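Work out the full structure, taking the sequences as your base and the hints as a guide.
Protein chains in written order, with numbering that gives the first Met the number 0: chain V, 0 to 317; chain W, 0 to 369.
Calculated directly from the structure, the hints in this document are not laboratory data. Just so we're clear, the structure is a prediction, and the values are computed from it rather than from any experiment. A few of these clues could be false.
[What the hints assert, rightly or not] Below, simulated DSS-like cross-link-like pairs (lysine-lysine); rule was C-alpha separation at most 27 Å, straight line: (1) V:36 <-> V:217; (2) W:218 <-> W:281; (3) V:146 <-> W:218; (4) V:146 <-> V:118; (5) V:118 <-> W:12; (6) W:101 <-> W:111; (7) V:69 <-> V:36; (8) W:218 <-> W:12; (9) W:218 <-> W:365; (10) W:12 <-> V:140; (11) W:12 <-> V:146; (12) W:365 <-> V:69; (13) W:365 <-> W:281; (14) W:218 <-> V:69; (15) V:118 <-> V:140; (16) W:12 <-> W:365; (17) W:365 <-> V:146; (18) V:69 <-> V:217.
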Amino acid sequence: MSATVEDASTLAIEARGLVKTYGDLRAVDGLDLLVPKGIILALLGPNGAGKTTTVEILEGLRQSTSGSAKVLGQDITRSYEEIRQVVGILPQDFEPFDRLTPREHIRYFAGLFGRSLGKEEMAQILASVSLQDRADVHARKLSGGEKRKLGIALALVGNPQLVFLDEPTTGLDPAARRELWRVIEELRREGRTVVLTTHYIEEAEALADEVSIMVRGKIVASGSPASLLDEYTDTKDIRLVGVGSEGLSTLIERGLTATSDGEDVVIQTAATDDLSTVLGHISQAGLAFRDVITERPSLEDVFLTIVGARIEEGELKP
Amino acid sequence: MSRTLADLIAYGKQYLRSPVASFFTLAFPVVLLLVFGGVFGNPEQISLRVHVQNLDNGSDYSMDLVDYVSETGVDIVPVDPRENLTNFIREHSIPAALQIPKGFHEEVGSAKAGNLTARPLVTLYGDTSSAAFQAIEGAVWGAVTRLNFVLADAIPVVSVENQGLPDGSAQESGSALGFFLPGIIGIMVLTPIFMVSAISAEYRTRHYFKLMATTPLRKWEFLFSRTILIVALAFVSTLLIVLVAWLVFGEIFILTPIAIGLIAAGSVLFVAMGMALGNLAKEPEAASALANVVYFPMMFLTGTFFPLEIMPDFIQTTALFLPLTYFNNGLRDTLVFGNVSGALGNLAVVAVLAVVFFALSAWSLKWRAE
Ligand SMILES: Nc1ncnc2c1ncn2[C@@H]1O[C@H](COP(=O)(O)OP(=O)(O)OP(=O)(O)O)[C@@H](O)[C@H]1O
Ligand SMILES: [Mg+2]
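Okay, structure coming up:
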């Protein structure tokens, strides 16, 4: 299959100046995106940020208003048909066909990719998304999560080099989500490139080598989760559990920045602060508490910082 | 090719698993055949009934006239002389009734004897515009003419012999079923328009076109597989119709090559029309409404159930704009009349329309997202 696209480039995706307008709305607004081969990229962004529009342009399914994009070294509009062979796609609005079973769906899509699956391969694909027990049920009887899993199986059935998963785990229960993360990590291990969109920050954090945060049609921050944390967070929190509100004033008197959160008090420290100094202050205050928790900032904080900042700048307003 | 085949198999499974689609595509034409065959299959059983009120008390000439009417092949239903005939007609909703007046026999005798003022008259009451009235009028005139010949002691010279269709037509029997069979096949190729338009609308609203576009399947392969399935089912359905006609009604129909060409081209035409309707309609409901708007006029105004010749002028003109007319005419040309050139002309029209609508369905299909 891979022979159909000759690709010397080290980039799976190379998009420059992508713009997509709907009337006055700039759904994608001058977007550049370079994705090295073999990584998992997560596109993170609030509803309506333009994630789906962006990936569908990269998939060749939507026409961009301007800009250019190459996928696996090929121009997406000129080499549309070759690209179909090597790209697997789970659309956000995927729905299976009511009157076909998962097994029939998989056989159908394999046929469309010019493959015929042996018994074992079929069993293995079904097992990879844990649909083996539901393989022969008409798809209209599947649950929402089961449908989603089937969609992922269909995205992988063509043995693609590049996989686009638009909200792969939306609607899945936590166990199923973790199972799917395994499937996606397996794809990276096999050397495939994965682009996924998600609202789940822990998903991006757990899976992605690179995260691009998208707001209002633009990528406003990107990098590995660790580098984003470094760049956008400069505080660590120390939570004193059960210290009560009287503890708060004591701590503030000692020059610490603290806020109360129910029965707890949260002390904010700058990233540059020496933690032993802070801990010294706490022990000298002689307070009673049940537990001390240091809270690392998460990608969520990065996300909220960036998106929050954008709202303040008025950029999220229509 | 393998992609088209994969799509054909998956689509075929889905189509046949839909009870509505498989009923209307495969069983409905057979049901129509059974209904028509049951109603019209035995032409001897339906004959015209003529109500006769004889007010001349069973006189010789009045009885002769009634006999002659009966011998034209109609059934006589006597009406009591005490009835008011116009009321009787209204109450019983009968198309026409013949009244022989009192003194008819005497009046005939007097005229025969050379009395120039004698005017023996019978009266035919009824709705003069109805087709049945006109048929009865024909029978009565035939009887009257015969009575006149007898009275003049003359021998009729010219007469008419009825004869079935000559060799060269596929159906030598010229039976009523033979007339309806092309109409039933017409409905069979037309009916998938409902399913196909609904499926196209569903494909758009549920984003199936885009899903198909994520795979290497090409748009024309898709259109081809979707069309081929319905054409294949049309031939299966034709086979069922021919089989049932033979097993149930003992009539053997042999499809001519032109008939086979018409069924293929007609199927493509109406599948393509259905896909185009589904693609162009804004919502699925609109697609099914449009399919109705297309279906019912074609079902009734193209000579499927009633010969176009008995339709008013404006309907005959309308029929010229309905594609199914050419299909029905072509099929009748080749199956009933053995008219090869007429059938080929109609086949050409259907084939050209099939190409036009196929192009329209391809053009209206938005394969990728907006
Ligand atoms: N076909 C269309 N016609 C008009 N506007 C559209 C169309 N598709 C998308 N949009 C608009 O473009 C913007 C971006 O939409 P998009 O679906 O790409 O967002 P998203 O980031 O995927 O959001 P979500 O997280 O909700 O899936 C939205 O404001 C949306 O309303
Ligand atoms: Mg989206």
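Going down the list of hints, with the structure as the test:
1. V:36 <-> V:217: holds, 22 Å
2. W:218 <-> W:281: Given that 27 Å is the threshold and the Cα spacing comes to 21 Å, the pair holds.
3. V:146 <-> W:218: holds, 25 Å
4. V:146 <-> V:118: Status holds; Cα separation ~22 Å.
5. V:118 <-> W:12: Measuring from Cα to Cα gives roughly 20 Å; hence the hint holds.
6. W:101 <-> W:111: holds, 17 Å
7. V:69 <-> V:36: Between residue 69 of chain V and residue 36 of chain V the Cα gap is close to 13 Å, so the pair holds against 27 Å.
8. W:218 <-> W:12: Within the cut-off at roughly 20 Å; holds.
9. W:218 <-> W:365: Answer holds: residue 218 of chain W to residue 365 of chain W is near 9 Å, not above 27 Å.
10. W:12 <-> V:140: Cα-Cα ~17 Å, so holds.
11. W:12 <-> V:146: It holds: about 19 Å lies between the C-alpha atoms, which stays within 27 Å.
12. W:365 <-> V:69: The hint holds at about 23 Å.
13. W:365 <-> W:281: holds, 13 Å
14. W:218 <-> V:69: holds, 23 Å
15. V:118 <-> V:140: With Cα atoms ~24 Å apart, residue 118 of chain V and residue 140 of chain V stay inside 27 Å; holds.
16. W:12 <-> W:365: With Cα atoms ~24 Å apart, residue 12 of chain W and residue 365 of chain W stay inside 27 Å; holds.
17. W:365 <-> V:146: Satisfied, since the Cα-Cα distance of roughly 25 Å is no more than 27 Å.
18. V:69 <-> V:217: This hinted pair holds, its Cα atoms lying about 19 Å apart.
Checked against the numbered hints listed earlier, the structure breaks none of them; every hint is satisfied.
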